[in-house]
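Kindly produce the complete structure, drawing on both the sequences and the hints.
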Amino acid sequence: MSGRKYAFSWNLLGDINIGRPHLGNQTRVEAYRLMQFTLRDVIEAKYGTEEADAVFYAAGKMAGQAFYEYYLKGIEDVGEFVRELQAKLKELKIGILRVESMSEEVGKLVLTVDEDLDCSGLPEIGFGICVYDEGFIAGILENFTDTPYVVKEVDCWCTGDRTCRFSAVRAH
Amino acid sequence: MSSPFRLEAKDGLSELDEAVEYFHSLMFDPRPKDRLPSSLEGNEKALSLENAIRETRRVLQKMRRGEYDYSVSTKGLVGGLLKALQSNLRHVIWTARCISEGDLSQRIDFMGEFSEVFNLMTLRLAEATQNLKEEAERWRLALESSQDGVWDINIRDLDNPFLSHNFLEILRTPFEAMPPIRRWGEFIHPEDIEALEVIRACLDDSYPKSTLDLTFRVKCGDDVFRWRSAKGQVFRDEAGHITRLIGVIGDIHARKMREEEISRRAMHDALTRLPNRELFGQQIHRMMAYASRTGTCLALAMLDLDNFKQVNDTMGHHAGDLLMVEVGRRLQKSLRQSDLVARIGGDEFVMLLPCATPNHEGLLKVMERLRANLSRPVDLDGTPYSITVSIGLAVYPCDGDDPLTLMKCADVAMYRAKALGRNAWCFWNPEGDRKEPQPPSQV
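Residue numbers (my numbering), protein chains in the order written: chain A, 1 to 172; chain B, 173 to 615.
Just so you know, these hints were derived from the structure itself, not from any lab. Mixed in with the good hints there might be a few duds.
Okay, derived cross-link-like pairs now, DSBU-like style, lysine-lysine, Cα gap no bigger than 35 Å in a straight line [what the hints assert, rightly or not]: (1) B/305 - A/73; (2) A/93 - B/234; (3) A/152 - B/234.
Label pairs and their computed distance ranges (CB to CB) [unchecked claim]: (4) A/90 - B/330: 52 to 60 Å; (5) A/42 - B/268: 24 to 32 Å; (6) B/257 - A/34: 27 to 35 Å; (7) A/154 - B/306: 39 to 47 Å; (8) B/202 - A/80: 45 to 53 Å; (9) B/265 - A/11: 36 to 44 Å; (10) A/30 - B/257: 25 to 33 Å.
Small disclaimer: the values here were computed from a predicted structure and weren't measured. Positions of the beta carbon are idealized from the N, C-alpha and C atoms, including for glycine.
As structure tokens, then:
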């Protein structure tokens, strides 16, 4: 689609140092969630739940791929990759990443993200909401391994599990 | 506010007490009551609480056994904490596995004191590993620079010795072609008995020393014997049994060859390559001692080329050298394996001839053979030259029992032969009567 208004690239994030010399590059989690949750509400109301999830998964994947290209590109060793990813997620306060298991050269992983940016502290609502994170993780893994992944959240703060656990499987 | 529990007092123990009793048992008893009180049946919160406690018990018991692959269906704070704990422990396992596979950069965060200690342990392990790597590299470079080979043998596992690259290069044998250690003695030169005995003693645990220092010849991969040196240490267990041999092997072949050549040159005449005066001096003592032990005799013959000076004066020193070389060659050819001929001066030769008895007949046969060989003219750069010699003989022990006396006697006899016209030989006559000279042609 030519002449798009909002096609994403990392440089669109701008230079925060120039833009916010006083407030800096930090904000509250509530501000982030306020934007995401209202956006999700409107998309769901307009296009339905399934479409909203698809949109958020795709957006998360795009973000994950851009995140990889900006912060993790060039790393080849799996151990170093996990280490750097953990460090970046911690630095950007996205969450505390743990690897519970990894097999077949990153063919299958179980990850947990504590203090997840999207959902930690939310009320228990009976279903997981971290669809964006599913896409985010899939985007990072796909760019690291050059193979597609299917990522599903199996535990969520919102399901009462108090941590977000994701299962990532290489797609055939 | 109404309570979700509708409990009524009943027969002494109230339903509330019964419920409390049940949940108390569930929480604290090793063998808890197994049924929800009837008063709570159908009560969803009571069922939920019962399930949560039972699941918590099960999960904690699994964790106590080191099993972390459990599922938690309980929601809420307790379920979440159990899952978070599980996540942390499984992450620790994964991280520890990465470290065991060599990734010493892994760290664990957000687990308080455990994180601190775990990360410190990993850091120390990384430092120790790096130090070991550097030390190993240092020794490797030092050994490669020295060109020596390293061997490290576990006596209890002779099938898996450590043999460095240089070791195999020195023996000119690839690792897969190396014979079993128990057969290494077969490749040592049979004359190098000390090395053979040391190897056998080490393998059968009878070697008494703590160090090894050997020089020997070994058959290399190209079937050529070469000189090698081996220095090492012997390690033992508490009972004194040999457990390990470790050391270095060096290529000393070139050095040994140079030493042998120097020794040979020191003991041999450069022109004729015959033994020189120094070697003759050693051999005469040995051969006299042998004759003494065996009750036999040893004849010493002093031989002088007649008119040699004229050859040098008329035909040049080159011709003189050629003549000397040819005379040396013919003398060697004339003698037996047991005899010795040496050049001890410009035109002076001396021979040692073992003989069974002082009877001169055997010696005369040797002299006759010598005469025949020397009688043929020598070609000196195209000029034929006839050799004549004067020979004086003395016999041990009859004519003397020390080398100096024998040589004097033989020398006197030789001059007597010269005085009688040269081209002759004389035996020493102790009574001073001049024995009739024996012209070579008359024997």
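Hint check results:
no. : hint                      : verdict
1   : B/305 - A/73              : 30 Å, holds
2   : A/93 - B/234              : 33 Å, holds
3   : A/152 - B/234             : 26 Å, holds
4   : A/90 - B/330: 52 to 60 Å  : 54 Å, holds
5   : A/42 - B/268: 24 to 32 Å  : 46 Å, violated
6   : B/257 - A/34: 27 to 35 Å  : 32 Å, holds
7   : A/154 - B/306: 39 to 47 Å : 46 Å, holds
8   : B/202 - A/80: 45 to 53 Å  : 47 Å, holds
9   : B/265 - A/11: 36 to 44 Å  : 41 Å, holds
10  : A/30 - B/257: 25 to 33 Å  : 28 Å, holds
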